[in-house]
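Asker: Take these sequences, add in the hints, and give me the full structure.
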Amino acid sequence: MSLIFTDDQKSLAETVRRFVAQRTPLPKVREVIGGDQAYDQEVWSRLAGDLGLAGLTIPEEYGGAGATQADLSAALRELGAGLVPSPLLACVLTAGALLALDDEEAKREVLPRIAEGALVGALAVSEPGNRRWIPAEPETTATGSGDAVTLSGAKVAVLNGAEAGVLLVQARGPQGVGLYLVERSAGGLTVTKDEVVDPTRSSATVTLDGAPARLVAGDAVAALDRVADLANLAIASEQCGAMLACLTMTTEYAKVRYAFGQPIGAYQGVKHKLADMYNLWALADAALREATRAADEEPAKLGTAAAAARTLSSPGYLTSAKETMLLHGGIGFTWEHDAHFFYKNAIAGNVLAGDADYQQDRLADKLGV
Amino acid sequence: MSLIFTDDQKSLAETVRRFVAQRTPLPKVREVIGGDQAYDQEVWSRLAGDLGLAGLTIPEEYGGAGATQADLSAALRELGAGLVPSPLLACVLTAGALLALDDEEAKREVLPRIAEGALVGALAVSEPGNRRWIPAEPETTATGSGDAVTLSGAKVAVLNGAEAGVLLVQARGPQGVGLYLVERSAGGLTVTKDEVVDPTRSSATVTLDGAPARLVAGDAVAALDRVADLANLAIASEQCGAMLACLTMTTEYAKVRYAFGQPIGAYQGVKHKLADMYNLWALADAALREATRAADEEPAKLGTAAAAARTLSSPGYLTSAKETMLLHGGIGFTWEHDAHFFYKNAIAGNVLAGDADYQQDRLADKLGV
Amino acid sequence: MTSIDEFRARARAWLEQHAKPFDEAAGYDLEGSAVPLQESKRFQKALWEAGFAGITWPKEYGGQGLGAAELIAFNEEAADFDLPTGPFTIGLGMPGPTILELGTEEQRKRYLPPLLRGDEIWCQLFSEPGAGSDVASLQTTATRTETGWLINGQKVWTSGAQYSDFGTIIARTDPTVAKHRGITMFIVDMHHPGVTVRPLVVATGHAPFNEVFFDDVEVPADAVVGEVGEGWGAAVVMLRNERVTIGAGGRARSNPLGFDSLVELARARGLETDTAVRRRLAVLYARESALGAYGRVLHEETTAGVEIGARGSAAKLAGAELALWAADLAQDIIGSDIALGGADLERVVAAIVAAPGGAVAGGTNEIQRNIVGERVLGLAKDPGVDRNTPFNQLKLSR
Amino acid sequence: MTSIDEFRARARAWLEQHAKPFDEAAGYDLEGSAVPLQESKRFQKALWEAGFAGITWPKEYGGQGLGAAELIAFNEEAADFDLPTGPFTIGLGMPGPTILELGTEEQRKRYLPPLLRGDEIWCQLFSEPGAGSDVASLQTTATRTETGWLINGQKVWTSGAQYSDFGTIIARTDPTVAKHRGITMFIVDMHHPGVTVRPLVVATGHAPFNEVFFDDVEVPADAVVGEVGEGWGAAVVMLRNERVTIGAGGRARSNPLGFDSLVELARARGLETDTAVRRRLAVLYARESALGAYGRVLHEETTAGVEIGARGSAAKLAGAELALWAADLAQDIIGSDIALGGADLERVVAAIVAAPGGAVAGGTNEIQRNIVGERVLGLAKDPGVDRNTPFNQLKLSR
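Protein chains in written order, with my numbering: chain P, 173 to 541; chain H, 173 to 541; chain A, 377 to 774; chain Y, 377 to 774.
Worth flagging that the hints you see were computed from the coordinates, not collected in a lab.
Careful, some of the hints might be misleading.
Said to hold, decoys possible - With a cut-off of at most 25 Å between alpha-carbon atoms, the simulated DSS-like pairs for lysine-lysine come out as follows:
1. Y:Lys757 <-> A:Lys771
2. A:Lys771 <-> H:Lys427
3. Y:Lys485 <-> Y:Lys435
4. A:Lys757 <-> Y:Lys771
5. A:Lys757 <-> Y:Lys757
6. H:Lys427 <-> Y:Lys757
7. Y:Lys771 <-> H:Lys427
8. Y:Lys757 <-> P:Lys427
9. P:Lys427 <-> A:Lys771
Said to hold, decoys possible - Counterexamples of contact, computed for chain P against chain Y with all Cβ distances above 10 Å:
10. Ser174
11. Ile176
12. Ala193
13. Pro197
14. Leu198
15. Thr240
16. Asp319
17. Arg344
18. Gly348
19. Thr362
20. Gly382
21. Gln440
22. Ala458
23. Thr476
As the list claims (entries may be wrong) - Quick partial rundown of chain Y residues pointing at chain A, CB under 10 Å, derived from the structure:
24. His582
25. Gly646
26. Asp650
27. Arg655
28. Asp758
29. Pro759
30. Gly760
On a predicted model such as this, the values are computed, not experimentally measured, just so you know.
Positions of the beta carbon are idealized from the N, C-alpha and C atoms, including for glycine.
Answerer: This is the structure we're talking about:
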């Protein structure tokens, strides 16, 4: 496998791109995020079902398509470029965690429903007052055993927690740190939607007060490490797509906006910033390609490569989104213009599933520095 | 007192500038640093004596001119702009330490000789393997008492250590950390000139093996804190001068060098970098003015203000010197061009009397963060 | 006691009696609407009655006829108070001085006293949607009528238009000459029925500015400020004042991205002992205090009669860059909580979102760098710019 | 086993027998003089005899007549070895391919085989003191004589001029037409008595380049490469090859400012546990490996028949920026010892001093940004540049 897209990937990307342009272009996204819902349910049904994205990387035996991470990445780039609100990332992480665990029953029960888009899964790991995305020592506790396990504690920044039908919760039990399935309907579970900076993502605060739960068998620490890699792949994919959207939007503007009798892109002050934006994108994009290649072909290198891609994509996108606002001048600062949605998405995306310090520390760990 | 130069300061600066242009312009500096000597002895005699710089801020009672830190700063800017090799900085720090101590006899013995340019003093504080400029707990030890004190240990990066007639050495004695005078001729003292990156400064490694020394009475910790402030003032002054020299040199080049039928300064790629260099200089310069104002008028604010000035001047100069090389293109990379001397001076100056971490930690301490 | 010291003491005493001390906790007000307009007008009137409005303006136009030293003394004392004079800032800083300098005797007598007395509020109408950095490429027209002029077009980024009584507007009066030469400045009555003001919502969700539409707005012949066709010169004076105003600042205690605020933020998150954060806070302090010192240097030079030229642009640029840099630091201090709009973070997050807008307002960083490069350093102008092309042959934004 | 795999295995076997494994500790050689010239020539000849020189070049000119796949396979295997072929890099990468593409049949037959066989060394002579980024404003002249041309002028930044047998030079043959149109490329005999080569000492104190002076150097009429007046087109092809060569790289193990080197430096100073240093090293790894991946993406696209256009400039720019960034990190890791030239620091300090020079070589960052902006993103060209002005009416550097 190579670093450049296969024909299948090109075709998948083109399909998603067309779908986004037709069904959820930015004016439509504005409407959705201006309303009560975290995302357009019909758009999600089509993405999950018709386009098969919810189950793309879930193995066929669990109802998915068994496609590669590079395939998923190609699709996520397009969703990122369109700032499409959807619970796909939450589902990818939840399914990825389950797949990395050893609980056949749980997999058979949950994965096919995620794959068909009927169920949204959410991963609940972060805790209040702890800056690490995945706490090494969670304060949420699991007590009891067998069918009588209950969880107590609090989880924050739970992506799509309010829309999820099932939560996968990290907690400390009698046997150490484990991952637990909690149904949305469980007693003692309170989910409160957060006020967020980036309206294209929904996040929730979750409190568990003796909520019934079920331990998922398997090595939770290893599964969460895998989840961190998958999060890096997925977020870097969305961000590479969004960076390219920012670059394209700003380049187009620089061609048609005139100042002092020249298109502003003729001035090196603008031209050179766009060249730098190009490089931010090109290098993050190349690192992402290397990471998806590793995921599918050389798993031992995935952790490093995915962390490296994310280490570039998040700050690169933040810079690109900021420059998009700046290079659009006053117009880019108006609510009417889309630039601020990208900027807010970049601000929130920069800390999604681990902030820059977290990512860099993790990359240094993986590099053995 | 205000932030802008007084007529006296302008006149002093003009005198030094003229002296530098006539007696030690850059082609002359090249000759000197290509030879064996750390500096041109005659130039130093003139600077110290005729221009009175060695004793400028030494009180009149000790043979100096009793001028202000702002006066000294005005002169140092010109020497920095000309990359003039001299032991002035070493003398300023040694004299500043003595003045902050309470040893009248030592002051009367050493200061007048420094003030007249007859004696070079050097401050020996840093130790091998310790990243801090002034170690909190020096490993150099002082033993004995009264007239029979001896020092043992090693000191590194001793500015003008090889040219000094007297060393002021930080050591741990029976009563705690103290500053000790050691004559250059003392037995057990070995001074080895370092190979340096910046040929305009001379530095030495000093070993003391039972070298006779004399404790200077007074609070050494407070005196060294004062020295750190004076070092920041002096180095920031030299660096502001050098930054302005880099800016001026590069601006002139951008006016006369043509590419594609235009002077390169007409292109925003060059123009905007020069504007940024202007701002690096203007802000460091303003911070330095505030610091010399504080030194002479509001001593309680000196520590913060001097550290703030240095926190800007060192990285600002490093960036400016690097841009000077870059904006001159290939020519700026040749040995024949002066740009690399500024760059090397900036590299070494960035860590002189404390590297960036040291400066920022110290500023944070002073700010009570 | 010198007369300056006496003046300062009198100002201090008056302020202590009539003004609120500066309230750090209250923070700043994105919409500028915290104080009722009537309260602002009342306060401005009291200020004038006490002899502290128009300190350097001539007495015959309602000013105090004093010098720069008194003005500086007053401003220094006033920095410790929270004066509700926001709605008058533009009028007193931009249209006012321009009318004083270029206006007719009638204009000065008619407009300056009510401005100083707090009776009438002013705005300025320069920017247009198609003319941002290149203000002089404006497309709003003023065509001659029998009795005066008819103004048509659209302005944007107008602060205070919603409550202003008058505005200074620049409009194109001759499209057949080079763009800088065909512009005229007018005084326009903002209550004219052809004037429509719409709030302009920005990235933060607030509406601190307006769009203003002019639809056959008549102004009389004596509404021209300066000469017909000489409006650009008047506008340049105003813009220079604006840049100095925006560029000043330094350690504003109410700045949510300032040193004090970010230290507090770091402490609240237990990061005051984090080495890297401490170091960046130290650098923030250094940059912020240097910007303040730079402003004071320019101020002292002005007082000493040294031309500061275009160095106000350097300060404006430095301030914009600092805000963007501080916004990055703030994000790193906040960490993952930045995604959530916690109440304690609201002001900081709003400031982070607004930082790019702040960098653009009053001229983009690129424009400021051009000004510094050309007017401070004397570098050649950008090649190929269209200073001499007749306006109606210019290439404009599509 | 495919024929490619077979070729690869044969190459590997040959290299293992004849070449030294890459020695990380030895580092790199600023003057390129570590290996005697005769040893380089001997090795190049052996390489050719074994069938690994000119892999993609036609057999009639001494090449192997194989495809890109074989070339890639060989280069991948060769990366693990330290081939002493430095003096041939330029000839094989720039003049060689240009002669292959544009040369006459006689030129190809005369010059290409001895180059491949290691008998003759080549340099390229483009840059001039007054023509850096704007190479086409060159002032070296070639004037017609009865039998050919007479070359006069000065070139600079010429690697290997001191030991080259031939060079490709571009010179102005018609000053009355626009600058790009009056240039011709020639093959010049570097042993001509009118050619003077002087080493050019740079900031590090080394002399990796030369200045070359041409004083009435005669070349025959058949020394023209391509057509008279078409030299610029030939030069553009060469420069594009140069940028791709310079821009490649990524994680070169011998790079003193690379990740491996700086990790070692940090460990030697006990900073491997310093949080801030670890984070910056992680970022260095990410940037360095991304640059390597970007090079592989461009390479794969080329192989797949996708035009990479000017994206080599993006890689060159990224490499230059990374080196400058890594130089800052290296300085911070070293701390105050940077001022002293300790033996363990010599290579790193030399690389820090050389970093700005590296950024400029092969085109400044500004030029690369222009290329990326215009040719990759399609932005408008700089206004006012002088593409059509006759050379002798141009404004040149004083």
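Asker: Work down the list of hints and note, for each, if the structure agrees.
Answerer: Going through the hints against the structure:
| no. | hint | in the structure |
| --- | --- | --- |
| 1 | Y:Lys757 <-> A:Lys771 | holds, 16 Å |
| 2 | A:Lys771 <-> H:Lys427 | violated, 29 Å |
| 3 | Y:Lys485 <-> Y:Lys435 | holds, 11 Å |
| 4 | A:Lys757 <-> Y:Lys771 | holds, 15 Å |
| 5 | A:Lys757 <-> Y:Lys757 | holds, 17 Å |
| 6 | H:Lys427 <-> Y:Lys757 | holds, 22 Å |
| 7 | Y:Lys771 <-> H:Lys427 | holds, 12 Å |
| 8 | Y:Lys757 <-> P:Lys427 | holds, 11 Å |
| 9 | P:Lys427 <-> A:Lys771 | holds, 12 Å |
| 10 | Ser174 | violated, 5 Å |
| 11 | Ile176 | violated, 5 Å |
| 12 | Ala193 | holds, 21 Å |
| 13 | Pro197 | holds, 23 Å |
| 14 | Leu198 | holds, 21 Å |
| 15 | Thr240 | holds, 17 Å |
| 16 | Asp319 | holds, 44 Å |
| 17 | Arg344 | holds, 26 Å |
| 18 | Gly348 | holds, 27 Å |
| 19 | Thr362 | holds, 36 Å |
| 20 | Gly382 | holds, 38 Å |
| 21 | Gln440 | violated, 7 Å |
| 22 | Ala458 | violated, 4 Å |
| 23 | Thr476 | violated, 8 Å |
| 24 | His582 | violated, 34 Å |
| 25 | Gly646 | violated, 15 Å |
| 26 | Asp650 | holds, 8 Å |
| 27 | Arg655 | holds, 8 Å |
| 28 | Asp758 | holds, 7 Å |
| 29 | Pro759 | holds, 3 Å |
| 30 | Gly760 | holds, 3 Å |
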